[in-house]
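*Asks:* Chain by chain, the residues:
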Amino acid sequence: MFSGYDFDVIQRSLPYLFRDGMTFTVTLTLLAMTGGIVFGTLLAMMRLSSFAPFSLVAGSYVNLMRSLPLVLVIFWFFFLVPYIGGWIVGAPRPIAVGAFWSAVITFTMFEAAYYCEIMRAGIQSIPRGQVAAGQALGLNYWQTMGHVILPQAFRNMLPVLLTQTIILFQDTSLVYVISATDFLGAAAKIANRDYRLVEMYTFVAAVYFVISFALSALVKRLQSRMAIVQ
Amino acid sequence: MNSSMIEFRAVSKWYGSFQVLKRCSTRVDKGQVVVVCGPSGSGKSTLIKCVNGLEPFQEGEIIVNAESVGAKGTNLSRLRSKIGMVFQHFELFPHMSVTENLNLAQVKVLGRSREEATTKSMALLKRVGLEAHAKKYPGELSGGQQQRVAIARGLAMDPIAMLFDEPTSALDPEMINEVLDVMVELAQEGMTMMVVTHEMGFARKVAHRVVFMDNGEIVEDAATEEFFGSPRSDRAQLFLSKILQH
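If you're matching them up, the sequences are chains S and C in order.
Mapping of the first sequence onto our numbering: residues 1 to 230, in sequence order.
Mapping of the second sequence onto our numbering: residues 1 to 246, in sequence order.
Check the hints yourself; a few may be wrong.
[Stated by the list, open to error] One side only, chain S facing chain C, incomplete, derived with CB under 10 Å: (1) Ser67; (2) Pro94; (3) Gly134; (4) Arg155; (5) Pro159.
No lab work stands behind these hints: they were computed from the structure.
Cβ coordinates follow ideal geometry from the N, Cα and C atoms, glycine included.
Construct the complete structure from the given sequences, taking the supplied hints into account.
*Replies:* Listed below in structure tokens is the structure:
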């Protein structure tokens, strides 16, 4: 049944797939997650601000990002980032950013919108009395947020943040539109070169499945452990 | 002559078109204990939260230690750090140990070193009888213990006055006394205190004055013996007859 297939191609290309491809995917995921959570948390604080311009700007940004297909955003940023970068540093022409950093910036900006909504729910889940207690002790806004509200919000939302990160991990495969060599991109190159599409794409699917499934199981365990603590 | 620590001058507050405080005027002198009581929804919690600016008010003035709370130039954070506050639902920080709860503002607001803060915290925990629980988290303590930690947290800032917003209302009956004992001791040491409570036994024992509120108004403001002996207003009489029945 498998006589027409050559599964050895997988073994032969393993170093390239993981050392180049998976490294790109994982690094991109981790950087975009970190940046996205930091930026998303700031957006959430702005959205919840009583100062109308802040909540308006943050709200519009989040709604815009969430209304656009990710592929489109990746595409746009790939062309825009060099121009914006050039404009920021005052260079006469667009600066070279490269597919990797372009992808990091894109995913950070895009995922921030989703992390923002998670952190917003997290902040709102903390009783208002906690803010009052912080303020009554003389803590200012940033101290109350940093020491009292955000650590609790972050802890409450950890399972959801991780679930969003699993989605991010899968979404990074969309960098194929800017010809970056992530895990899927590396596999696609070999598949096309050796004409082994079925073997490579099956293998890629299996790897994504195993990693995502394992992480999901981890989140579930974390969730049940947190339920006990509370 | 006593000098005033907290003074309310015709304070009014509205939620939209609903007036929750109606020209409230009263004062708490240095070293005095003033108990604020009244039926629920009478505005007593709102009144006490105005003292450290947790609730804004639209008219009138509140002077705390010669500083006007609502004024533009007032550094509200600095003022708050000098006034301890104890809440109905304790509001300890659940992600920090008892000691960390006491240390946080000492370090971040007063700029004490961690060692200095911890020494202070341990002394206060000993005073409220909880030094054995210093490393525990709030969730591991009973309600009464949590509230005593909350009082210690307020005291750690070396406050010039303490505010108590229904400190025993969320407690099981058998835990009320351990908290009241700490408060009585504090009062006897001469701490300036403003206490919103229904504990009339506590009021009788330590309060210098009792303020009775109803419908956002201060209906009666009298020395303790006078208030319990012969309340002037019908509303205070009715309230007292209801809660002193048992």
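*Asks:* Against this structure, judge whether each hint is valid.
*Replies:* Do the hints match the structure? See the list:
For S/Ser67, the interface hint is violated, the least distance from its beta-carbon to any beta-carbon of chain C being 34 Å, above 10 Å. Here the hint on S/Pro94 is broken, as its CB sits about 45 Å from the closest CB of chain C, past 10 Å. Nearest Cβ of chain C to the Cβ of S/Gly134: about 8 Å, under the 10 Å cut. The hint holds. A cut of 10 Å between beta carbons decides the hint on S/Arg155: the least distance to chain C is about 7 Å, and the hint holds.
Hint on S/Pro159 is violated. Least Cβ distance to chain C is approximately 16 Å, over the 10 Å limit.
Hints 1, 2 and 5, counting from the list given before, are not met by this structure.
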